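Protein sequences appear in the order of chains G and F.
All letters in the first sequence, in the order written, are residues 1 to 343 by this note's numbering.
All letters in the second sequence, in the order written, are residues 1 to 259 by this note's numbering.
By construction, these hints were calculated from the structure, which means they are not laboratory data.
All values derive from a computational prediction rather than experimental measurement.
Please note: incorrect hints may appear among the correct ones.
[Claimed, not checked] Cut-off 25 Å, straight-line C-alpha distance, at most; resulting in silico cross-link-like pairs (PhoX-like, lysine-lysine):
#, chain 1, residue 1, chain 2, residue 2
1, F, K131, G, K305
2, G, K133, G, K167
3, G, K305, F, K157
4, G, K44, G, K86
5, F, K3, F, K157
6, G, K44, G, K21
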Amino acid sequence: MNTEPRSKPHGLATAEPGWAKEYEALLEAYSQAGGDPAALRAPKAATLVVSANRVLAVNEAPGVHFEAETLPDGVRAHIAVDPDAKIEQPVHLCFGMLPAEGVQRIEADYEIGAGAQVEFIAHCTFPNALQLKHIMDARIHVGPGATMQYRESHYHGPHGGIEVLPKARVEVDAGGRFLTSFTLVQGRVGRLEFDYDVVVGEHGVAELSTKAYGQADDTLHVNETLHLNGEGARGLTKTRIAVRDAATSEVNTTAEGNAPGARGHMDCTEIVRGDAIARNTPIVVVRNDRAQVTHEASIGAVNHKELETLMAHGLDEEAAVDVIIRGMLQGVNDERTDGTGRA
Amino acid sequence: MTKALLRIENLSLRREGYEVLRHVNLAVQPGEVHGLLGLNGSGKSSLAYTLMGCGGYAPDEGTIWFAGQDITGLSITARARLGLTLAWQEPARFEGLPVGAYLALGARDADAARLAAALEAVALPPAVYLKRPVNHALSGGERKRIELAAVFAMRPKLAILDEPDSGVDTLTLGDIAALIRRMAGQGAAVLLITHRDEMLAVADSASLMCQGTIVFSGSPDETRTYYGHRCRPHVEALGAQPWPDEARISLATEIAGPR
Chain G
1 MNTEPRSKPH GLATAEPGWA KEYEALLEAY SQAGGDPAAL RAPKAATLVV
51 SANRVLAVNE APGVHFEAET LPDGVRAHIA VDPDAKIEQP VHLCFGMLPA
101 EGVQRIEADY EIGAGAQVEF IAHCTFPNAL QLKHIMDARI HVGPGATMQY
151 RESHYHGPHG GIEVLPKARV EVDAGGRFLT SFTLVQGRVG RLEFDYDVVV
201 GEHGVAELST KAYGQADDTL HVNETLHLNG EGARGLTKTR IAVRDAATSE
251 VNTTAEGNAP GARGHMDCTE IVRGDAIARN TPIVVVRNDR AQVTHEASIG
301 AVNHKELETL MAHGLDEEAA VDVIIRGMLQ GVNDERTDGT GRA
Chain F
1 MTKALLRIEN LSLRREGYEV LRHVNLAVQP GEVHGLLGLN GSGKSSLAYT
51 LMGCGGYAPD EGTIWFAGQD ITGLSITARA RLGLTLAWQE PARFEGLPVG
101 AYLALGARDA DAARLAAALE AVALPPAVYL KRPVNHALSG GERKRIELAA
151 VFAMRPKLAI LDEPDSGVDT LTLGDIAALI RRMAGQGAAV LLITHRDEML
201 AVADSASLMC QGTIVFSGSP DETRTYYGHR CRPHVEALGA QPWPDEARIS
251 LATEIAGPR
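Modelling step: build the complete structure from the supplied sequences, incorporating the hints.
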């Protein structure tokens, strides 16, 4: 088996002797958490692999460009997609840390050129976290008529000693589309502070789906804001949260209809078990009499009929609850309004 | 006569101050299809939930024996693991759970071929349905077939089918009837709950339920006759016409198909 990464970082400190080993260890951890390392080695796919503050692998593909610089506690990356580029294979981004303690800060700047089409798949792996902080601070610009899909999945260890702080400021130009999903259902959440703010221009589209499963004393805060500023702009947030034991969740979603024909919808479902607590606050703001924003929210126990149906199939109560929760967390992607079935 | 697989003795249930089940006595033999016929609101579904041990349906009186064991106080899971299961009249939906995975939950020893065969048994093409989620995108009829396929794949000792015939077209009725006979052919007993007397064409024996109690048990034909003339006093009092026998016979023939 070839243990060498397919490509070395461009223009970065690559001479450290242990970097290949670290790269393999990160991929191994990713694999054990359920990910597919082969995706990161796929030929012709653009990839960026960052461990702590070290860029372990960079591979560009036609139309996709990375620039990265090391920070004391992380990496600053500029990711650009050429105008009108149609990137056939997903761009894989792998962020993670193997040590139990520390900080990883990712400052990312995405520039998606006009008319481009690209899908990013971000894998975040922290298998040994005991006292660890992962900060993701992103600025995203989706150019006119461009489509950007961004799927971020987290793979955490069983200890819960992690803080995850994803923050994004997104601007979607006229006719652009920004479709994103954030998934944190493997291992313990720890503390999650999710904060996305999206401005959508004329006839632009933004869809955000967020899924998380809190256990033990995990805390989840989700803040999502859609500013539907352009005429005919459309926006959707779909939030699926499950909390059990003594976990808590707080979801705050805001949608502003600020222009004629703007349409927004917020959909939040939360399941609560044990002593867990879930809160949801949808805020609807309409500043134009031809705009419309709606919301629906459901917080409660596992559906009784679903539970009893699975128990009648022989599952015990705990197993049945787990199936229902994981199904709900998976199911959000089945219902994309664009019909792609993908986030 | 063989020892009954399911024996219900003097079962009574009150819910919200109403007597829902009144001293119900019933027996189902191993491998037989027993039809439980009754008008809407007669207590059939309540009996099904009580037999399965659903929440809010713990009997106030009586005993449920299954495979020689008193299961009256057992959980749903424990009953299911003894070989008893229930197909709800309106099956639950599961967001994000594919049909194949759903079938496999209750049939853990089943391989892919058996799961596919279960779908084929209810005339659903596996290639189309195995990966579809069991969610609201399915029609009521599709969901019902999938539930029956799940029960079929489980190979229970006794399947309680709560109105598998409601809300489905006549072609599907034929598929469902054939499936019930296949289940019996594989050795499973079926308690077939219905309010359509023509469905008794697939039954080996039957009982009639009225106002929360069993008023008659016998052959399917005897039960149908009793149903048509004795169990709808309030309907007849309103001047409603009984369903013509010719129509019943025609539909029953269609449902039964070749035995």
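Status of each hint after checking the structure:
{"no.": "1", "hint": "F:K131 x G:K305", "in the structure": "holds, 22 Å"}
{"no.": "2", "hint": "G:K133 x G:K167", "in the structure": "holds, 13 Å"}
{"no.": "3", "hint": "G:K305 x F:K157", "in the structure": "holds, 22 Å"}
{"no.": "4", "hint": "G:K44 x G:K86", "in the structure": "holds, 13 Å"}
{"no.": "5", "hint": "F:K3 x F:K157", "in the structure": "holds, 14 Å"}
{"no.": "6", "hint": "G:K44 x G:K21", "in the structure": "holds, 23 Å"}
Checked against the numbered hints listed earlier, the structure breaks none of them; every hint is satisfied.
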